[in-house]
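Chemist: Just so you know, the protein sequences line up as chains A and B, in that order. Letter by letter, the first sequence follows residues 0 to 310 of numbering that gives the first Met the number 0. Letter by letter, the second sequence follows residues 0 to 294 of numbering that gives the first Met the number 0.
By construction, these hints were calculated from the structure, which means they are not laboratory data. Think of the CB as a built atom: it goes at the ideal place given N, C-alpha and C, for glycine as much as any other residue. Where hints are given, some of them may not hold.
[Claimed, not checked] Beta-carbon label-pair distances, calculated as ranges:
(1) B/A80 <-> A/L203: 55 to 63 Å
(2) A/Q162 <-> B/I92: 41 to 49 Å
(3) B/L107 <-> A/R83: 13 to 21 Å
Single-letter residue listing:
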Amino acid sequence: MSAASHASRTAVRERPSLLRRLLRSDQLAGWAFVTPAVILIAVFALIPIGWSLLLSLQSNNLIAPPHYVGLANYKALAKDPAFRSAIGHTLVYTVLFVPISVGGALAIAVALNRRIRGIRFYRLAVFIPLVTSTVATGIIFLWLLDPTFGLVNYVLHLLGLPQQQFLQDPNQALYCIVAMTVWSWLGFDVIIYLAALQGIPEDLLEASEMDGAGRWATFRSIVLPLLGPATLFIVVWSTINALQLFDEIYVTTRGGPLGSTTVVVYYLYQQAFQFFNGGYGAAIAYVLFVAILIVTLLQLWIGRKRVYYSS
Amino acid sequence: MSVQPIAAAPERFPPLPDAGPSRHRGRLPFSPWHLVLAPLAAIMLVPLIWMVIVSLETRQQATSFPPVLIPSSLHFDNYSAAWNAVPFGRFFINSLLYSLATVAGNLLFCSLAAYAFARIRFFGRNVLFVLLLATLMVPFQVILIPTFLIVKQIGLVDSVGGLIMPNLCSAFGIFMLRQFFRTLPIELEEAARIDGTSRLGILFKIVLPLSMPALATLAIIQFMWSWNDFLWPLIIIDSQAHAPLQLGLSQLQGAHFTQWNLLMAGTVMSQIPMILVFLLAQRWFVRSVAFTGIK
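Please model the complete structure; the sequences and the hints are all you need to start from.
Modeler: Here it is in structure tokens:
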């Protein structure tokens, strides 16, 4: 009885200021601040993520009303030979692109990490492809790799080597795409490695030299472990990007010749926006998403066991 | 001290000292590293130098074998021909609108949300933040088709507005700014609160002025991303009048794929703004990339 009356008395005392308190409270401010962002991200990310899952369970040509087909799209994917070869091309590309670009970037960053004349020019040369757009890169490499008048064939000619078909040869096109994307992505990895190299305390290196360790030993047992976090980030980031390869294919080979460069996302694009199989495209997207998630988690898990964090 | 994340990404990579003259042993008049770095620089630059050379040749020279390495006369008229072959001026304006609008949107909406996530306690904050982080992990291809359908519903297919709308606010930007805001000293903000400054006032007068490095990073990354974006414009834009530069360049490629001199002139023009910005703000570019990598 007395407790109830006490409660009602405090409620009465607080009531006049409730609205004012709400207006001045952090509740309102917090929500007011996040609302624009929440609406935008809900409409253009969260809802599409759910919708995409729904789409993947539908037969949907993006125009006529869709109808539910259950797991039929996924079952069809499992048996689709074109999808299987798209996965194969994506895997070959990723397995080549990631080690080449990460290893190359590490070597280049080490070479660029010194005080010699012209170092700013060398760095600029390595960074500048990074700001060259994919479309421009594609056009330039189409010319460089042209079988009849391209510069690369001219160099082979000067060296007395046989002429190649490059992007027009089904056995070479994917490797040419690897070379092209390594050229355009290298700068990104080099910048991160350079920043990490600068973060290594100099007294550590000096101590190692004092102990009589050679340059190679110092690099292997001190520099390389300290670059672990940067390497993990670059490997994860490059793998995600490699599995999502699309722009470079669109502007150079359009999946050809003979489908030899049709990677997963290019196949998705064909299905969804050329053949208007929206549901099938969504199913491809979800399979890709799950694959990326698994690969990323796997890399992070291996990284957690093997990467040394100094702080 | 408070701007630790940026301080961790050095401005211009003050280089570690070379191993010293004893290593050279006087055999070469220059550091042996030049023997590695010069060919590397050549490989990286040749494609771009070639782009410029071909853009100044005649149509025959551009496709002759052996290639014409040094054209006898320079054909600057390729540039006006390329400019007139497709509405290049339009492409530039569309790209500029797309890039600037998405940069402005991200700076505003991400700062507001990031500040709330960093400093204000409100109901549902943690759930919202986790949802936000979850969207970071989903590749764009997954949301591509529904996003197209949503933009179609709003009636913005084939318009610059349709390009901009889905990219006005990124979860990445919110996350990055939140991490940065949390490194700022809270005492200044608390003092301002006691003086009766509103949350909005604190954000704009205290937090944002202290966050210029992070804001510049977000602006540069978003600008570079929008300027070079290709897949979304390819899906959403049908007409030349609304195409941004990269899509327009790809259309020029489709229509004039045999006129390499003209195509290269168009490519040079499309890359000049970005390369200029890069040369002028190289320090900031490098910082921004290093910043994303270290966080």
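Chemist: List, from low to high, the hint numbers that the structure doesn't satisfy.
Modeler: 3
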